[in-house]
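Student: Sequence:
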Amino acid sequence: MRTVPIVLIAGALEMQLGRPSLTTTEDQVKGTLARYNGTGSEAAIYGDQLLGVFRCFEKFNSLLRFS
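Plus 107 on top of the position in the sequence shown (first one is 1) and you've got the numbering used here.
The reader is advised that the hints may include incorrect statements.
[Said to hold, decoys possible] Label pairs and their computed distance ranges (CB to CB):
| hint | residue 1 | residue 2 | range |
| --- | --- | --- | --- |
| 1 | L170 | G147 | 28 to 38 Å |
| 2 | G147 | F173 | 31 to 41 Å |
| 3 | D155 | A117 | 32 to 42 Å |
| 4 | R126 | S169 | 15 to 25 Å |
| 5 | V111 | E149 | 27 to 37 Å |
| 6 | F167 | P112 | 14 to 24 Å |
If you're looking for bench data, these hints aren't it; they were derived computationally from the structure. Computed from a predicted model, the values in this text were never measured in an experiment. Where is the CB? At the ideal position from N, CA and C, for every residue including glycine.
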């Protein structure tokens, strides 16, 4: 589990998306998640699919972050 954030940060930087933060856009998240799974059309599909999971986590995390 410790390496997942490192791999995501490295992937985002490789794609020139910047380090993930609270101001990261959904397009940047999708690109980062896609890069985690590789490159090409299959990776892009993966990024699209995981964006829904990200939205679920973000919905609840945002409530905790600003309370």
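Student: What are the numbers of the hints the structure violates, in ascending order?
Tutor: Violated hints (numbers, rising): 3 and 5; every other hint is consistent with the structure.
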